[in-house]
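The whole structure should be built from the sequences, with the hints applied where relevant.
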Amino acid sequence: MNIYKYASPAMFYPIAGKMIPWFSTAAAILFAVGMFVGFFIAPPDFQQGEAYRIIFIHVPAAWMGMFLYVLMAIYAGIGWAFNARLSSMMASSLAITGAMFTAISLVTGAFWGKPTWGTWWVWDARMTSTLILMFLYIGFISLQAAIDDPRKADRAGAVLALVGVINVPIIYFSVNWWNTLHQGATIRILQKPTIRGSMLAALLIMLAACWLYSVAVVLMRLRCIILEREQNAARFAEVGV
Amino acid sequence: MNWPDLSMGGYGFYIWGSYAFSLIAIVWELVSLSQRRKALAQQQRQSSDTVSAPVLRGSANETTS
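Sequence lines, in order, name chains A and B.
Each step along the first sequence adds one to the number in the numbering used here, with nothing skipped, and position 187 is 187.
Each step along the second sequence adds one to the number in the numbering used here, with nothing skipped, and position 15 is 15.
Every clue listed holds true.
Taking CB as the label site, the calculated pair distances span:
id, chain 1, residue 1, chain 2, residue 2, range
1, B, Gly-9, A, Gly-184, 19 to 27 angstroms
2, A, Arg-151, B, Gly-9, 52 to 60 angstroms
3, A, Gly-49, B, Ala-41, 45 to 53 angstroms
4, A, Trp-120, B, Val-31, 23 to 31 angstroms
The set of hints was computed from the structure by calculation and includes no laboratory data.
Heads up, the beta-carbon is just placed ideally off N, CA and C, and yes, glycines get one too.
What follows is the structure in structure tokens.
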């Protein structure tokens, strides 16, 4: 069996269709469980009271915004380097979901900042770099929309995505590199997290839900993109344009 | 089971505002996606009147699945 045949959009289309219901169902269940644990089981924070409950959506959304950007850059890069059109289509599909999560992280961050810091926005290193991430997503989406030839649009997008990927480690480490207003990381890979078990559980369940949601939505959009692009190609081939 | 206090110790506006915005963003994404799918399906029906049914490259007609 040749596994590379699944890199063909036409082969991948029905597989994606079979995966979508599983991911969307799992995402819906985990969103419900995560919200339940976050609001009914996790206790109020001893410093921030109830306001901290915003983190159950803020932190997963911020992570997804960064992670989907890296994924988008990788797919765009592969699509560019190996002329793999399914990979470029995946990058285009990821961009919108990534932009949506970044928007959620910025807005929920403002909703958290107002009662906690007394301001909706400050030009703090982490917030500024996250805003740049939002602009990179918007730039990628509008650049692709502005170029008619899809493969040229893919190449231009790939250059932008790959150059912009430098911003992601800047966001991630900004709280360590600069003395920021934004608080430091709550969950570190090698150390004990600084929050209680039920709070951590709610956060991780919401993160898993955002993950599954992203897979489902990105695959749905990928199927649209495959149809939009490949169908035209097929029709042009048929009528001899 | 205790229903959480909706005022959230005075933070209600900020907490529910955050979750409301997130919900709106997610619903917006899902609605715009379903519109894109519908537009595509309609376009497919129209184009099949003029040109013979579109066929994806490299396989049997997958557009119906």
